[in-house]
Amino acid sequence: MDDLNRGQPSRLKEDLLAAVIILERGAESVRAVMSSEQNRFSLVLEDLQRFCHSEGIPIAIVGGLAAIRYGYLAGTQHIDIAVARDHLNTLVEAAPTYGFKVVWMAESGWHTLTHGDVEINVIPEGGRARSTAPTTIPSPVELGVKQGLGYASLPGWIELKISSGRQKDRAHVVEVMKKSDPGTVRSARDHIAQVHQAYLAVFDQLLEEAEEERSQEEERGGFKQE
Numbered sequence: 001m002d003d004l005n006r007g008q009p010s011r012l013k014e015d016l017l018a019a020v021i022i023l024e025r026g027a028e029s030v031r032a033v034m035s036s037e038q039n040r041f042s043l044v045l046e047d048l049q050r051f052c053h054s055e056g057i058p059i060a061i062v063g064g065l066a067a068i069r070y071g072y073l074a075g076t077q078h079i080d081i082a083v084a085r086d087h088l089n090t091l092v093e094a095a096p097t098y099g100f101k102v103v104w105m106a107e108s109g110w111h112t113l114t115h116g117d118v119e120i121n122v123i124p125e126g127g128r129a130r131s132t133a134p135t136t137i138p139s140p141v142e143l144g145v146k147q148g149l150g151y152a153s154l155p156g157w158i159e160l161k162i163s164s165g166r167q168k169d170r171a172h173v174v175e176v177m178k179k180s181d182p183g184t185v186r187s188a189r190d191h192i193a194q195v196h197q198a199y200l201a202v203f204d205q206l207l208e209e210a211e212e213e214r215s216q217e218e219e220r221g222g223f224k225q226e
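Numbering (our numbering), first residue to last: 1 to 226.
No lab work stands behind these hints: they were computed from the structure. Treat each hint with caution, since some may be false.
Said to hold, decoys possible - Pairs of lysine-lysine, DSSO-like flavour, derived with a Cα cap of 30 Å:
#1 Lys101 / Lys168
#2 Lys146 / Lys168
#3 Lys179 / Lys168
#4 Lys179 / Lys146
#5 Lys146 / Lys101
Given the sequences, and given the hints that come with them, work out the whole structure.
Written out as structure tokens, the structure reads:
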């Protein structure tokens with residue numbers, strides 16, 4: 001019995017060591033996947049940037065990539081871009097020159113492109129995120145991108161997310177709010193107040209949720225300000 005007890009710490013140590021090795025391998029796999037995803041998107045963004053400068057078209061990055069830009073590591077497999085209505089035809093006509101393939105065209109301007117295995121969704125100025133949305137999609141300039149390729153401003157990004165009406169998009173807004181400083185949130189609220197009162201009501205609701213979740217995470221000691 002004593003021999004058995006003396007052997008237990010050794011076996012426990014071996015089990016713990018094995019567990020650590022498994023975790024380290026898992027972490028390496030995650031890092032490899034993230035690096036691979038980053039490389040996939042980087043190539044696409046480089047060609048988008050080249051397209052924007054060569055054709056003189058401003059494009060605003062919205063959607064999941066913008067969420068990552070503002071501190072929330074949203075899982076995304078595609079790229080959403082806002083394009084001015086006047087530039088939609090140029091986008092479609094010139095896309096193949098820069099490595100893009102047009103796989104779906106719509107009179108409404110909600111085109112779909114691909115670059116390798118990455119899908120790019122076009123969000124056209126003047127369109128509606130949903131049929132009942134009280135406002136239309138802003139232009140890249142209104143979203144803060146005057147030239148080249150850039151991320152939509154945080155207020156503009158929140159406007160688009162709220163206008164979609166999707167629960168998933170609202171959840172993204174809550175996560176970004178949790179990581180934003182009060183001054184940034186106030187500026188975003190001022191912008192939303194000028195867009196539509198219905199959006200402002202949603203904004204305030206999401207801000208309340210964000211503050212409540214943030215408070216709970218701080219109490220648990222698990223919240224980290226980015």
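Okay, the hints, checked on the actual structure:
1. Lys101 / Lys168: 28 Å, holds
2. Lys146 / Lys168: Measuring from Cα to Cα gives roughly 28 Å; hence the hint holds.
3. Lys179 / Lys168: It holds: about 17 Å lies between the C-alpha atoms, which stays within 30 Å.
4. Lys179 / Lys146: 26 Å, holds
5. Lys146 / Lys101: 25 Å, holds
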